[in-house]
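Make the full structure from the sequences, and use the hints.
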Amino acid sequence: MVGFQVLTLAEIDALSGELDIFTQKQAPLPGLVAKGLHTPLPICSGVLVWGYEILRSARSRGLRQLSCLVIPSCPRHEMLSLALKLENRAGNFGWPEKENMLRFLDSVPPAGGSLPAAVIDPLAELSPLIEDHRDPQLAVKIGTFAALPETLKNLVAEGQIDLKTAARVQSLPAGVFHQLLSSGLTYSRRRQFLNELFEVSRKQNLSDRELIAEAEAALKDERPIEKIHRLRFPTLTAMEQSFAALEQDLLQGSGVQLKPPPYFEGEAFSVKFEFNSAKTFIRKLDSLHSLEGRLDALFELLH
Amino acid sequence: MPSSSYYTDLIHRVYVEEGVADSPYLQRAVGQLPEVPVYTVKDKQEIPQKDLNRHTLFVGSPRGQTVTRCPGSKGHLCCNYITVDLYLGCTLGCGYCIMESYLNFSPLTVYLKPEGSIARLQELARENPDITIRAGTGEVGDSLLLDPLFGLSEPFITGLSQYPNVYFELKTKTHFVDHLLDIEEKGNAVIGFSLNPQHHVETFEPRAGSLDERLEAARKVLSSGYNLAFHFDPVFLSDNWNEEYLRVVAALSEFPADRIAWISLGTMRYTPALKETLGEQPFLYEEFVPCRDGKFRYPQKIRSDIYRTLYGELSKRFAVPIYMCMESTAVWQNVFGQVPGKIDRLRAIFKQVRSV
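Taken in sequence, the protein lines are chains A and B.
The working numbering numbers the first residue of the first sequence as -12 and each following residue consecutively.
The working numbering numbers the first residue of the second sequence as 1144 and each following residue consecutively.
Note that these hints are calculated values from the structure, not bench results.
Take the hints with a grain of salt, since some may be wrong.
Interface residues of chain B toward chain A, partial, derived using beta-carbon atoms under 8 Å [said to hold, decoys possible]:
(1) E1430
(2) P1433
(3) P1442
(4) K1444
(5) I1445
Glycine is no exception: its CB is placed at the ideal position from the N, C-alpha and C atoms.
What follows is the structure, given as structure tokens:
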């Protein structure tokens, strides 16, 4: 039987506070609480389900009792469902709050992102109240967040890095993340930087020290993304540099543009130039003739 | 022949479409899976959601065309292979397989009633007497993974054996060939083995046959009268790829060239969707670039080098058609100096079959 009761603050304090999980505080208007104009605090199976901010407000105002709604025993996911409905901010929960929800449903911390089936379905069911849309993968995502190292958890919670990237690159040393944050790179460029640095670390088996040094060098560069990209794609970079050197050597200042196929995938180079007289036309052709002696080096890039 | 426990580990349930419940191929298969529950359904849609996974086997009759031209890849040269849908999906779980990107939640599917496909291939053979028709069941599944259960390859082999212009290929990463050895009318049937150095087999093809098992199976089918094909696809770049792959090439020396129908080469490639599915596979940390068909490949210069090395070694040993799968004109020019239509040994097999 559901029943309204007025309980003293001491009685409420004696209840389990394990659903005090919301870190985004929504303080009620203190004057209304003092007049008893607040949502009754739901209590179920000895757990204060929701209303912790009302309780704190009442305590700070020196109130002695609050209206409560005592609910018969119900499963934990139903308690969470009620708390979420009363919190009423679907789509606006932070990752730490979502982790708290997961831990309320399953007190065993997730190991390596694996989760018991007992939390996957309830969180999928509750996802419209949490994310404002149904997400069958929500429990897995929260589990992924929960398994992150603390530095990355903070970055994800602050919206500095997306969860997927954080989960992927978590083996990078924390020093890399600190450097990255002070770099001024945009959100999407941070993601690109981290993903490519991570791939470099895997391919080249770099130590933490080496990785931090590489990250530092790249971030000091005028073009950090390009710098890390060169590390990630050394063959392509070498080809681009060879091509650029040849082009500069032979055609710089000639007004003739030489272009390789994209990513050096293809059979042909293209040239482009403009001319407005027979004289300039002949000059451009002369510039092109200078390529003749270096064509082998040029085509070597495609062979 | 794989043990019955091999299949019971693989297959946890069978759903049979009503129309094929009496099929002798089905009876043969379920007879070898005594402990696996078999359910009859009207069609595939009736399989419960919870069973839509790779431990479920769906057996039905084919819908639509089962004999089609290989779709090829935009901007890349295709060998005009004819694909036959028979076994769809694969549980070998190779770490690079394109099927991983779309078959994860699909049951393995077997199309019974092979008569329609066989008749279609016979028709093509009659309509194209001047063309070498290469057809096979290994495009969307492993040709031999489930064949010891169902025995569906046999009617293809015998049904096409009288057509001298048809080379029907069973392409596999397994060594499951014993059930094929006693088939009498083999015609030009080809058993094709996908090959990789054992180190890559262990890393990327852990549930497939070992390299030695595949080579042993090749010996068996050769001595029972089949033609052979070898597929170096996908070839992986590594610090010592050269040494590793040339060792595999050397291991093929024992096979007579006149019994090798063809050898294909293809380097590792993937679609962006596949990359998402594959996760952190070590080979993905190599350099890949986007190509004209949207797939990612090693840079052209690297691919050309790999192909030149392999083709150079293979062509020294075997005067047989050796070709690249899904490669660009530029790479063909780099490796062969020509496109396949202008290479004597390849012209015949690259000729397009009419009215497919």
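The hints, checked one at a time:
no., hint, verdict
1, E1430, "holds (5 Å)"
2, P1433, "holds (7 Å)"
3, P1442, "holds (6 Å)"
4, K1444, "holds (7 Å)"
5, I1445, "holds (6 Å)"
Checked against the numbered hints given earlier, the structure satisfies every one of them.
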